[in-house]
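Next come the chains, spelled out residue by residue.
2 protein chains.
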Amino acid sequence: MTKYIFTNIIGSFVFDKDFKVVDKIEFKNLEEYNDKLKIEEKLSEKHSPTLITKQLINKKNKEILRKILAQFKDQQNFSNFYKQNIIITAKQLKESVNEDNFIVQTINNIEEIDKVANTLTKRLREWYELHCPEFSRSIESHEKFTELILNKSKKDLLKEVNLDPDNSIGADLKDKDIIPMINLANGIHKLYDLKKKHTKYLDDLMEKYCKNIKTIAGTLIAAKLIEHAKSLRSLAKMPSSTVQIIGAEKALFRHLKTNARPPKHGLIINHPLVTKSRPKTRGRTARHLANKIALAAKVDYNKGEFIADKLMKKLEKELK
Amino acid sequence: MTKYIFTNIIGSFVFDKDFKVVDKIEFKNLEEYNDKLKIEEKLSEKHSPTLITKQLINKKNKEILRKILAQFKDQQNFSNFYKQNIIITAKQLKESVNEDNFIVQTINNIEEIDKVANTLTKRLREWYELHCPEFSRSIESHEKFTELILNKSKKDLLKEVNLDPDNSIGADLKDKDIIPMINLANGIHKLYDLKKKHTKYLDDLMEKYCKNIKTIAGTLIAAKLIEHAKSLRSLAKMPSSTVQIIGAEKALFRHLKTNARPPKHGLIINHPLVTKSRPKTRGRTARHLANKIALAAKVDYNKGEFIADKLMKKLEKELK
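In order, the protein sequence lines correspond to chains B and S.
Counting from 1 along the first sequence, just add 5 to a position and that's the residue number in our numbering.
Counting from 1 along the second sequence, just add 5 to a position and that's the residue number in our numbering.
So here's chain B without its partners, still in its complex pose (with noise of 0.2 Å):
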């Protein structure tokens, strides 16, 4: 006499030929669904040698599976493929958290930085110009200018950049009237050591987990090509002439829409070989470095070894 069996999220059935159930085992918990196959093969022993499965009736007979199918529709079984599946979908969320992840948070959060930082000390800036124009004019990092700001006087500053230190048009101020400026210094102080924090992070983590492109294009240009590529694996996947241009998607569109020329390189154009190199070559280097950016991802997705020096040797040689 026929039966078939039947398995899903919440157990594994077995069905008569009239599609009544004859025998089940339920899943109680996450560790015998993840059994799944083993307590299957346990209820086919028992009813063999009658027994289809799931993946032959699929084949077979679209209308048997139509008819077990049916069997599942009643409120109880609902209630228990709504709590089965938030369970597995849970897990699988749990899991799901990798170093993509990370490096993604990460690099975003160092960009961030970088803006609010940038906001904060052009503020930082017009309020010290009150007390001492003369020096924001002198210091063009914003870093240093906020470094100095924090360690030294009005005084001090002057003569840090060869200015007479009597002589200032800035207003003498009392302290209280110091103070907020300088407290404004030190929270700018703290987000660029925080920036310093987060970049020795994502360097070890790239160090394990992606080493080759890392070494290739430098930890923030590889972070930034995984960013927005959103993970390592589609990274991988992509090819080189991608990778060139990724970051340049407004110059790409621009580009397929009008007559406009094509990008010649998106994020990697931040990366030294590129820089470096003069204008008319530009696009034939980052051509070839994103040749070898491509490469370096498919071998780190796939956990190869360590090539990336030897492919920095051979585009060294391609770009001679």
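Simulated from the structure, these hints should not be mistaken for lab results.
All figures in this text were calculated on a predicted structure; none of them were measured in a lab.
Honestly, I wouldn't trust all of these hints.
Just so you know, same-sequence chains aren't split out, so a pair can sit in one copy or run between any two.
Mimicking DSS-like on lysine-lysine, the simulated pairs with C-alpha atoms at most 30 Å apart in a straight line are [what the hints assert, rightly or not]: (1) Lys201 - Lys149; (2) Lys22 - Lys72; (3) Lys200 - Lys149; (4) Lys47 - Lys242; (5) Lys29 - Lys88; (6) Lys242 - Lys8; (7) Lys47 - Lys325; (8) Lys96 - Lys160; (9) Lys205 - Lys281; (10) Lys160 - Lys205; (11) Lys202 - Lys120; (12) Lys205 - Lys157; (13) Lys8 - Lys160; (14) Lys159 - Lys235; (15) Lys325 - Lys96; (16) Lys179 - Lys242; (17) Lys41 - Lys255; (18) Lys72 - Lys47; (19) Lys205 - Lys195; (20) Lys255 - Lys127; (21) Lys285 - Lys88; (22) Lys96 - Lys179; (23) Lys96 - Lys181; (24) Lys213 - Lys235; (25) Lys127 - Lys202; (26) Lys88 - Lys160.
Using the hints, position chain S against chain B.
Positioned in the frame of chain B, the structure of chain S alone reads:
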């Protein structure tokens, strides 16, 4: 015999009827320039009674003024003018820094810190949700969220919001991957701290500088009003109808250009009296409040007495 006396920033000069310089006292430094009236007086006495002073020259005869000014056209005078002008402008700049500047810088910075802390906390939430998504959704306040992250473990956090500490769908992360989040939380916490310090500073500053507006409008709104007006002086000059809609410029111009309704309130919409009044009476409340603020600004600018308590009582009566 007629002589003319003429004083400018480089000195005091006596001309004869042919407009030759017959006597002069040049100002060697800023102190002498500041004493210009006395010096002119001294020269006047020496050459009286035939002397005509600058004021009289101006009114009597423009031709004479033109001839005198022509005497200052040689190169030597130019460089004197230039030097003296620089010195005077620098001094005026130096002296122009006052409480208005501090208030504008501080309130702007407070708003920037708010924005920046918001951006960073959004990132912190997204990042921390990899680890513990349930918690982030249970705490609405960004500041409290950051504070708790900083001080408690995942399990304690879940207990804090009455959730099952053993059943999170977030990933169980290693310490090394949690530390960057804590570092970020720490950075944000420092920014909130900075904001508190700034607010305290602003409070003290305005207590002395403009206690009346501060009492009526509250520190932050009062500071924003001054910031929009650019100074206490210009705020004091504004009619109360302008004070009422400061900060609603967009709505005002929309009203002027189209047939849209005029704005009922600008910045002062955040004042507790306006916030808590019913929508229908909000315009009226704003009008009365703006009236008192405008009055308070005038009193503060003219260094008048503390009348804010009386104004507040009157306001409350009017609003009944």
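Right, here's what the structure says about each hint:
Taking the shortest alpha-carbon separations for Lys201 and Lys149, both the intra-copy value of 14 Å and the inter-copy value of 26 Å come in at or below 30 Å. In this assembly of identical chains, the alpha carbons of Lys22 and Lys72 lie at most 30 Å apart only when taken from the same copy (10 Å versus 124 Å across copies). Both within a single protomer and between protomers do Lys200 and Lys149 lie at most 30 Å apart by alpha-carbon distance, with minima of 15 Å and 23 Å respectively. Taking the shortest Cα distances, Lys47 and Lys242 never come within 30 Å of each other, neither inside one copy (40 Å) nor across copies (91 Å).
When the C-alpha separation of Lys29 and Lys88 is checked against a cutoff of 30 Å, the pair qualifies only within one copy, where the shortest distance is 18 Å, while the shortest distance between copies is 101 Å. When the C-alpha separation of Lys242 and Lys8 is checked against a cutoff of 30 Å, the pair qualifies neither within a copy, at 44 Å, nor between copies, at 94 Å. Taking the shortest Cα distances, Lys47 and Lys325 never come within 30 Å of each other, neither inside one copy (66 Å) nor across copies (82 Å). Proximity of Lys96 and Lys160 under a CA criterion of 30 Å is satisfied inter-copy only: 18 Å between copies versus 62 Å inside one chain copy.
In this assembly of identical chains, Lys205 and Lys281 lie within 30 Å of each other by CA distance solely inside one copy; the values are 25 Å within and 50 Å between copies. Only between protomers do Lys160 and Lys205 lie at most 30 Å apart by alpha-carbon distance; the minimum there is 28 Å, versus 36 Å within a single protomer. Proximity of Lys202 to Lys120 under the C-alpha cut-off of 30 Å is found in both arrangements, the shortest distances being 17 Å within a copy and 23 Å between copies. Taking the closest pair of Cα atoms, Lys205 and Lys157 come within 30 Å of each other both inside a single copy (28 Å) and across two copies (24 Å).
Taking CA atoms no more than 30 Å apart as the test, Lys8 paired with Lys160 passes in neither setting, with 94 Å inside one copy and 49 Å between copies. In the homo-oligomer, the alpha carbons of Lys159 and Lys235 lie at most 30 Å apart only across protomers (27 Å), although the nearest pairing inside one protomer, at 47 Å, exceeds that limit. For a Cα distance limit of 30 Å, the shortest separation of Lys325 from Lys96 qualifies neither inside one copy, at 52 Å, nor across copies, at 60 Å. In the homo-oligomer, the alpha carbons of Lys179 and Lys242 lie at most 30 Å apart only across protomers (29 Å), although the nearest pairing inside one protomer, at 62 Å, exceeds that limit.
Taking the closest pair of Cα atoms, Lys41 and Lys255 never come within 30 Å of each other, the shortest separation being 49 Å inside a single copy and 65 Å across copies. In this assembly of identical chains, the alpha carbons of Lys72 and Lys47 lie at most 30 Å apart only when taken from the same copy (24 Å versus 119 Å across copies). Proximity of Lys205 to Lys195 under the C-alpha cut-off of 30 Å is found in both arrangements, the shortest distances being 15 Å within a copy and 21 Å between copies. Taking identical chains as interchangeable, the C-alpha atoms of Lys255 and Lys127 lie at most 30 Å apart whether they share a chain (28 Å) or sit on different chains (26 Å).
For the identical chains of this complex, Lys285 and Lys88 are neighbours neither inside a copy (62 Å) nor across copies (50 Å), given an alpha-carbon limit of 30 Å. Proximity of Lys96 to Lys179 under the C-alpha cut-off of 30 Å is restricted to the inter-copy arrangement: shortest distance 17 Å between copies versus 60 Å within a copy. In this assembly of identical chains, the alpha carbons of Lys96 and Lys181 lie at most 30 Å apart only when taken from different copies (22 Å versus 56 Å within one copy). For the identical chains of this complex, Lys213 and Lys235 are intra-copy neighbours only, at 18 Å inside a copy versus 55 Å across copies, given an alpha-carbon limit of 30 Å.
Taking the shortest alpha-carbon separations for Lys127 and Lys202, both the intra-copy value of 23 Å and the inter-copy value of 19 Å come in at or below 30 Å. Within a single copy, Lys88 and Lys160 get their C-alpha atoms only as close as 70 Å, which misses the 30 Å cut-off; across copies the closest is 24 Å, which meets it.
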